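Enquirer: Spelled out, the chains give:
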Amino acid sequence: MDNLPPMDLMRSEKMSFVQLIIPVESAHRAVSYLGELGLLQFRDLNADKSPFQRMFVNQVKRCAEMSRKLRFFKDQISKAGLLSSVRPVTQPDVELEELEIQLAEHENELIEMNANSEKLRQSYNELLEFKIVLQKAGSFLVSSGTHAVSERELDENVYSNDDYVDTASLLEQEMRPGISGQSGLRFISGIISKSKVLRFERMLFRAMRGNMLFNQAPADEEIMDPISSEMVEKTVFVVFFSGEQAKSKILKICEAFGASFYPVPEDITKQRQITREVSSRLDELEVTLDAGIRHRNKALASIGVHLVKWISMVRREKAVYDTLSMLNFDVTKKCLVGEGWCPIFAKAQLQAALQRATFDSNSQVGIIYHVMDAAESPPTYFRTNKFTNAFQEIVDAYGVARYQESNPSVYTVITFPFLFAVMFGDWGHGICLLLGALVLIARESKLGTQKLGSFMEMLYGGRYVLLLMSLFSIYCGLIYNEFFSVPYHIFGLSAYKCRDTTCSEAKTTGLVKYQDPYAFGVDPSWRGSRSELPFLNSLKMKMSILLGVAQMNMGIILSYFNARFFGSSLDIRYQFVPQIIFLNSLFGYLSLLIIIKWCTGSQADLYHVMIYMFLSPTEDLGENQLFWGQRPLQIILLLLAMIAVPWMLFPKPFILKRLHTERFQGRTYGILATSETDLEVEPDSARHYDEDFNFSEVFVHQMIHSIEFVLGAVSNTASYLRLWALRYDNLVIRLVGLAMFAFATAFILLMMETLSAFLHALRLHWVEFQNKFYHGDGF
Amino acid sequence: MYGFEALTFNIHAGYLEAIVRGHRAGLLTAADYNNLCQCETLDDIKMHLSATEYGPYLQNEPSPLHTTTIVEKCTLKLVDDYKHMLCQATEPLSTFLEYITYGHMIDNVVLIVTGTLHERDVQELLEKCHPLGMFDSIATLAVAQNMRELYRLVLVDTPLAPYFSECITSEDLDDMNIEIMRNTLYKAYLEDFYRFCQKLGGATAEIMSDLLSFEADRRAVNISINSIGTELTRDDRKKLYSNFGLFYPYGHEELAVCEDIDQVRGVMEKYPPYQSIFSKLSYGESQMLDKAFYEEEVKRLCLAFEQQFHYGVFFAYMRLREQEIRNLMWISECVAQNQKSRVHDSVVFIF
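Quick mapping for you: the protein sequence lines, in order, are chains F and W.
The first sequence runs 1 to 779 under my numbering.
The second sequence runs 780 to 1130 under my numbering.
Looking at chain W on its own, in the form it has when it is part of the complex (with noise of 0.2 Å):
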C-alpha cells in the first residue's frame, strides 16, 4: 500500500504516533547539554533534570546520588514509555515495537552467559541487564554449560530461538565462542527485522532499511576492526555480516580481508555516505569512530521524524532516548570523577 499509509495508518497507529512525537518533543536540547556540562556535583544535574521529563522519577532520590542511579531511574523513564506503548498498540505495530527489543535480548542473554563464565553473583548481573531484554527465565541462563543446552533449556521459550539455529554447536562457552554468538544472533535478528520491515511496505519500508542497513553496516565494520589480530577466519569474519546494507556483497568481500584499520577506512570511503564520518578523523585512529558514527546515527534519526505515517518513529524514539541515557552517564561519571574536561568527548548531542 506504498503512498496510501495516510488513508489509513492514523486508524490504529495515529494515537501512538501522536504519543511519540509527543515524547521526542521531551528530549533534552543542545542549550540542556550545555546547562548540564556546566554542572559541578551530581546534586545540580538532578536539580537541572528535574524541569525536564526526568523529574518525576529522579524527585524522591536521597541525596548522596549515584551515576547509576540517574542512569537507572532515566531507564526506568524510557522502559515506561515503552510499556505505554506497548500496551497501546495492535498489529502490526505491537510486532515493531518488540523487534526493538530483541537487541537487549542479545546483549542481556551475552552478559549474563559472559558473567556466569566469570562466576559472577547472577542477581548482580541480572541488576546489570537492560530492563528492555528482560524476560522470563532469564536467570536460569547460568544454568547452561554450553550452546545447545542454552538453546534448549531457556532460549527455545524466547523470540529469539530462531535466531540460534545457526550457531548451536556442542562446544563449551567461552569468550570468543560468546562473541561469535551475539553477532551470529545480532545478524540473524537484523535480518529477521529488515525482512519484517520489507513486509511491512510503504514509508515503514523505506525508512527502516536506511536505519537498519546503517546499523547492520557498522556492526559490519566493528567486526572487523575488532577481529583484526584474532584468529578468526576470514570466511568465519564473512559469515557474521548481515546479508544486506550498502556494503552487501562487495564491500564484505573487502572487508573480510583487511588486516587494518586503514584498510577498512578505505574501504568504508568508496561508499559516499559514510565518507563523511571519516572525514573527521585522522588515520589509525579508531577511538572516536564509536563517535562519529553515533552522530551519523542521530542525525539519520532525527530525520525519521520529518516523515509521517510509518513505524520508524518508534525506533527512531527508543534510539534516541538511549543515546540520551549514554550522554547523561557519560556526563554524570565526568562530574562525579571531576573530569569536566572531557565532557565534550562522547556526547553527541541530538538537537
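Next comes chain F alone, as it looks inside the complex (with noise of 0.2 Å):
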C-alpha cells in the first residue's frame, strides 16, 4: 500500500499562510522568481487604495506606454504587410532601463520616417492627380471648343510666365486658383472622391441656380489615401461656369467637398508640356518614396525580430510591478512585508527561489520567510497533469473545491465518460471519435505551441476526456452491439434461432432459443424483432435506475469522509446516516428488485410493486411477490424512510444551538485573558470570529436541506432516467439518419450526439452527483 503514489488530486494541497519582508533592492528580483515558479498567490494588501495611488504606479504606467508602443510598432509591421518572424533570437537579456530607450528611438525614428513618407506621399498624389486631371479635362476642353477662344485668353495670361521646370513648389502654384481673368466663361478643373461626386454636383447647380456646366469622368487610377492608405476611386470634374461671385463660391465648396483643383493649359502643347514634366517628376518621386519604404520595411523588420521577445518581456515586468503594488512597505520603508498563500510542499522550492533572488542582487540581507496562521479559509490548490487538469476544469466550471474538500473530480475521470457513453455507446461511432482523438494527442506537442480558433482550443483542452470518452463508447457500444446502428456477430452465434427452415415467422412469432445466451453483450437477433424495443427499453431503464443509484451513494458516501475528515461527527449522525438510510431504503430497494428480477427472470410488475408499498403497504402482494418476506421488509423499510426525514431535519439545529449556548456560556469569563494575547498578533492577520448565531436562519437553512434531499433522491432518480431516454433518443436519429444520407450520419449527426451526451452528462455530475456532498465554494 505504501508503494502507491500519493492521490494529490483527492484533496486539494494543504496551504500555509506566510509572510516575507523583503528587502527594497531584492524585491523586483525575488517576485519575478517567484512568478517564475508560479507557487504563491499573493494577498492585495492595498486593496482599499486606487490604483494610481499605489507604490508602483510609476513603473506600472512605464510598462502601459511601453505596451502602447509595441502595439505601435505591431501595427506598423502588419500594416507594411511584414511578417514577424517567429525564430528566436539569441539576444542578451536587456534591462528594461535600455529596452525603453530603445523602444523611445524606435518610435521617434518609425514616426519620423511616417511624417516624411507621408509628405512624399502627399506631393506624389497631388501630382498623380494632376496629371490625370491634365489627361481628362484636356480632353473636355478639347472636344468642347466653341468657347476655347475665351479660355486660351485667360490661360494665356496665367500662364505665361509658367516656369514649372524651376519652381520646386510645384504646388504652391497650383494652390493660386487657376484661372483669373475678365468676364465671360471659366472654368474650374480639379478631382473628386468618386462618392461625394452625386452630392457635390447638386451642391453646385443649387448654388449657381443652374447656371454651369459640370463635366465629370471617372480616373483611371486609384490614388492612396494617405492617412488610412486605402486605395480611394476618384473623379475628374471640369466645371464651367461666369462671373467673380460664383468663382468664389466655387472655391468655397470644393473646399468644403475635399475637392483639390488643378490648372489645366487649353493649349494643347503646353498640355503636353506640362503632362511630361509631371510625368518625370511623379517618376523622380516614386523612386525616392520607394527608397523610403525600403528603408522603413528594413528598420520594422529589425525591431520585428524582436518584437515577441520585448511584448513577452514587458508584460512580464507590468506582472512583476503589479504584484509589488499588492504589498506593503514597512514602517522603515527599507523593505517590503507581503502576505500570501503557497502550498506546503513548495515551501522549499520557494525559500530557494528566494535565496537566489538574495544572491543575485547581492543583498546584505536575506529575504524573510515565516509562516503565519490566518483566520479566513486557505485557496484551493490542485496539482494536475495534462491528463487529470481538464477533467478538474470541467468541476471548476462548477464551482471551485472549498479547500481540502474531497475533489469530485478524482471519480469524474471514469464516471464522466463511462455516463457519457452509455448514452452515446456505439462502438463505430466511438472509433470516430477516438481517432479524432488520438490525432489530437499525437499532435499534441504541435498544437499546444500554435495559436488555436475557440473550438479547436476547446476541443485540444479536452483531448484525454475525448480519449476516454472514445473508450467508453466503443465499450458500451459492444454492449449494445451497435455498429453505425447495426448489429453485428462478434462474441460468437445468436442464441436464438427460427422455428423452421424457412424463418417465415421470424417477425411475427419469434424465435426459440437454442443454446447459452449470446457471449457478450445484446443478442444481434433483437434487431428487427418485434419485442426489440420493448426489450432495449426495460433493459436501459433499469440500466440507469442501478447506475444512478450507485453513483447517488458514492455521492453521499463522499459526504461522509468529507464530514469525517472535517471532524464532524454532527454531520455524520444527523446528515450522512439518515441520507444513506432513505435513499437506499426507496430507491436502494428498488434497485434490489431489479437485480432479482433480472436473476430469478420473475415476471413481477415492479412498478406496482413500488406504487403500493405506499399506498397500502400492508396488501398482500399476489402475483408480484419477489421473494419471501418481501411484505414485512417493505414496511420496514418505509419506516425508515419516515424517520429518516425528521432525522435529518430537526437534531442538528438544535445541537447547534445548545452548542453555541455553551460555548457563549465559556467565553464570558474568558474574554479578558485572551484580549492580552490579542494584542500581540499582527494586525494584518486580524481575525474575526463571527460569533453570530441566528437559530432561526439555521432552522430553514436545514429545513431547505432536507427538503431538497427528500424531494432530490426522487427527482434525481428521475433525472438518470435521461441515460436511457438519450440512449433511445440516439438510436430514432439514427435510424432515420442512416436511411437519408451517410454523410449527415456522419457528421452532424455524430457531432449533435457527442454534444447533446456530453452536456447530460456534465449535467448529471453537476447536479445529481455533486449536490449530494460537493460545496464547491472555495476560491
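Hints may be right or wrong, so weigh each one.
Simulated coverage check for chain W against chain F, where a stretch passes if three residues somewhere in it have a Cβ under 8 Å from a Cβ of chain F [unchecked claim]:
hint : stretch
1    : 832-841
2    : 911-918
Residues from chain W that face chain F, not an exhaustive set, calculated with beta carbons under 8 Å [as the list claims (entries may be wrong)]:
hint : residue
3    : D822
4    : M826
5    : A921
6    : L932
Not everything, but these chain F residues come out facing chain W in the computed CB check (under 8 Å) [claimed, not checked]:
hint : residue
7    : E65
8    : R71
9    : K249
10   : I253
11   : A256
It is worth saying that the hints were derived from the structure and are not from the lab.
Model, not experiment: these values are computed from the prediction.
Yeah, the Cβ is synthetic: ideal placement off N, Cα and C, and Gly gets one too.
Take the two lone chains and join them into the complex the hints point to.
Expert: Below, the structure written as C-alpha cells:
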C-alpha cells in the first residue's frame, strides 16, 4: 500500500499562510523568480487604495507606455505587410531601462519616417491627380472647342511666365486659383473622390442656380489615401461658369467637399509639356518613395525580430510591478512586506527561489520567510497533470472546491466518460471519436505551441476526456452491439434461431432459444424483432436506475468522508446516516428488486410493487411477490424512510444551538484573559470570529436542505432516466439518418449526439452527483 | 397598444434594450468619480479610465495627454455605441434613435454658421462639431450668406429641413439672428420629437413626454434668463417657447414678461416638480442653475431605466453618457489646470 503514489487530486493541497519581508533591493528579483515558480498567491494588501495611489504606479505606467509603443510597432509591421519572424533570437537580456530607451528611439525614428513618407506621398498624390486631371480634363476642353477663345486668353495670362521646371514649389502654384480674368466663361478643373461626386454636383447646381456646366470622368488609377492608406476611387471634373462671385462660391464648395483643383492649360502643346514635366517628377518621386518604404521596412523588420520577445518581457515586468503594488512598505521604508498563500510542499522551492534572488541581487539582508496562521479559509490548489487537468476543469466550471474538500474530479475521470458512453454507446461512432482524439494527442506538442481557434482550443483542452469518452463508447457500443446502429455477430452465434427453415415467422411469432445466451452484450437477433423496443427500453431504464442509485450513494458516502475529514461527527450522525437510509430504503430497494428480477426471470410488475408499497403497504403482493418476506421488509423500509426525514431535519439545528450557548457561557469568563494575547497578533492577520448565531436562520437552512434531499432523491433518480431516454433518442435519429444519407450521420449527427450526450453527462455530474456532498465555494 | 408592450416589444427591440442596459451598467459610478477627483495628472485619469469601458479607446494614446483627446476618445465610444445600436435598429426605433441626434445637428449648424461669421477656418470648426450631429454637406454651410440660402443650399437635404419653415428670412446672418434660429429650430425639433413619441404611444410616450417636457421647460427658462436685457420683445420671446411642457401655456405667459431672474424663479416655484431645483440656490443666483438642472435631469433619466419595454432608455442612455463626458471634461480640465478645489462644482454624479 505504501508504494502507491500519493493521490494529489483527492483533496486540495495543504496551504500555509506565509509572510515575506523582502529588502527593497531584491524585491523585484524575488517577485519575478516567484512568478516563474508560480506557487505563491499574494494577497492584495492595498485593496483599499486606488491604482494610482500605489507604490509602483510609475513603473506600471511606464510598462503600459512601453506596451503601447510595442502595439504601435506591431500595427505598423502588419500594415507594412511584413511577417514577424518567430525564430528565436539569441540576444542577451536587455534591461528594462535600456529597452525603454530603445523603444523610444525606434518610435521616434518610425514616426519621423512616417511623416516623411506621408509628405512625399501627399505630393506624389497631388502630382498624380494633376496628371489625371490633365489627361481627362484636356479631352473635355478639346471636345468643347466652342468656347475655346475665352479660355485660351485667360490661361495664357496665368501661365505666360510659366516656369514649372525651375520652381520646386509646384504645389504653391497650383493652389493659386487657376483662372482669373475678365468676364466670360471660365472653368475650374479638379478631382474629387467618387463617393462625393453626386452631392457635389447637386450642391454646385443649387448654388449656381443652374448656371453652370458640370463635366466628369472617372479617373483610371486609384489614389492612396495617406491617412488610412486605402485606395480611393476618384473622379475628374470640370465646371464651367461665369462671374467672379460664382468663382468664390465654387471654390468654397470645393474646399468644403475636400476636392482639389488643378489648372489645366487650354493649349495642347503646353498641356503636353506640363504633362511631361509632371510625369518626370512623378517618376522621381516614386523612386524616392520606394526608397523610403524600403528603408522603413528594413527598420520595421529589425524591430520585428525582437518584437515577440519584447512584448513578453514588458508583460512580465508589468506583472511583476502589479504584484509589487500589492505589497506593503514597512515603517522604515527599507523593506516590503508581502503576505500570501503557498502549498506546504512548495516551501523548499520557494525558499530556494528567494535565496537565489538574494544572492543574485547581492543583497546584504536575506529575505525573511515565515509562516503565519490566518483566520480565513485558504485557497484551493490542486496539482494536476495534463491528463487530469481537463477533468478538474469540468468540476471547476461548476465551482471551485472548498479548501481540502474531497474532490469529485477523482471520480469524474472515470464516471464522466462512462455516463457519456452509456448515452452515446456505438462502437462505430466511438471509433470515429477515438481517431479524432488520437490525432489530437499525437499532435499534442505541435498544437500546444500554436494559436488555435476557440473551438479547436476547446477540443484540444479536452483531448484526454475525448480519448476516455471514445474508449468507453466503444465498450458500451459493444455491449449494446451497435456499429453505426447495426448489430454484428462478433462474440459467437446468436442464442436464438428460427422455428423452421423458411424463417417466415421470425418477425411475427418470434424465435426460439436453442443455446446458451450470447457471450457479450445484446444478442444481435433482437434487432428488427417485434419486441426489440420493449426489451431494450426495459433493460436500459433499469440499468439507468442502477447506475444512478450507485452514483448517488457514492456522493453520499463522499459526504461521510468529508465530514470525517473535517471532524464533524454531527454531520455524520444527523446528515449522512439518515440520508443514506432514506435513499437506500426507497431506491436502493428498487435496485435490489431489479437485480432479483433479472436473476430470477420473474414476471413481477415493479411499478406496481413500488407504488403499492406507499399506498397500501400491508396488502398482499399476490403475483408480484419476488421473494419470501418481501411484505414485512417493505414495511420496515417504509418506516425507516419516514423516520429518516425528521432525523435529518430536527436534531442538527438544536444541537448547534446548544453548543453555541455552551460556548458563549464559557466565553464570558475568558474574554479578559484573551484580550491581551490578541494584541500581540499582527494586525495584518486580524481575525474575526463571526459569533453571530441565528437559530431561525440555521433551522430554515436545515429545512431547505432536508426537503431538497427528500424531493431530490426522487427527482434525481428520475433524472438518471435520461441515460435511457437519450440513448433511445439517439437510436431513432440514427435509424432515420442512416436511411437518409451517410454524410449527415457521419458528421452532423455525430457532432450533435456527442454534444447532447456530453451536456447530459455534465448535468448528471454537476447536479445529481455533486449536490450530495460538494460545496464548491472555494477560490 | 398601451399596456401590451410586453407582448411584442422584444421581437424587434428586445436585443437592443438588453444592449443599452448593458451599456448603462458601464457608466461610471460615484466611487469612480471619487477616484477620478483624486487624480493628480491626466495620466492618472487615463490609468483609472483604462479599467472602465473607455479603456480600449484610450490605451493607444501617447503619453502627454490633453483634455481634448480624452473627451474626443470618450465621445468616440458614445458614437460607436450609438452607431452599433442604429445599425441593429428597425423601425420605429431607428427613427427614434435618429431623432436623438437632431439636437446635435442644430448645434453643429449654429456652430459652423457662427464660426464662419467670425471668419474661422472651416476645418477647425468641423473638428469642434459633435460627431453625432454630422451630416454630409455640413462643411458647405460656410457658403451661405443668409437664412434663405442656408436653407436652400444645405439644409433642405437634412432632416432639419421641416423645422426651418418658421425662420426663413432674407436677413443677413448675425449673432442675434443665429441665436433666434437655434431656438426656433430647437423648438420645432422638440415639438416634432414630442409628437413622434406621442404617436408611438404606450410607455414610450409616457416616459418620453416627461423627459421632453423637462427639456422644453428648461429651454424656456434658459431663454427667459438669457433674453433679459436684450432687445427681444415679449412676443418674440414667447414664440421661442415650445408648445408643450409643464409651463405651457400659462407659465409661458408669465415667463415672457419676466424682467429679472428672481421673477423667473417666482414663476418656476409655482410648479411643484421644479421647486426642488431652486431650493438649493440663493436668491439672485443663476450660476449654479445649470448644475441644478443637470442634476434634476440625471435623476429623471435614471428613472427611465426603472421601466421596461419602452424607447426612453435609449434617449436616457445617450443623455447620461453625454453628461458623463461633460463630467470627465470638467474633471480633466480641473486636473490639468490645477484647480482641484473646484472639481466638485460642476460634476453631476450619475449613480
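Enquirer: All the hints need checking, so say for each whether the structure fits it.
Expert: Checked hints:
no. : hint    : in the structure
1   : 832-841 : holds (count 4)
2   : 911-918 : holds (count 3)
3   : D822    : 6 Å, holds
4   : M826    : 5 Å, holds
5   : A921    : 6 Å, holds
6   : L932    : 6 Å, holds
7   : E65     : 6 Å, holds
8   : R71     : 6 Å, holds
9   : K249    : 6 Å, holds
10  : I253    : 6 Å, holds
11  : A256    : 3 Å, holds
In this structure, none of the earlier numbered hints is contradicted; all agree with it.
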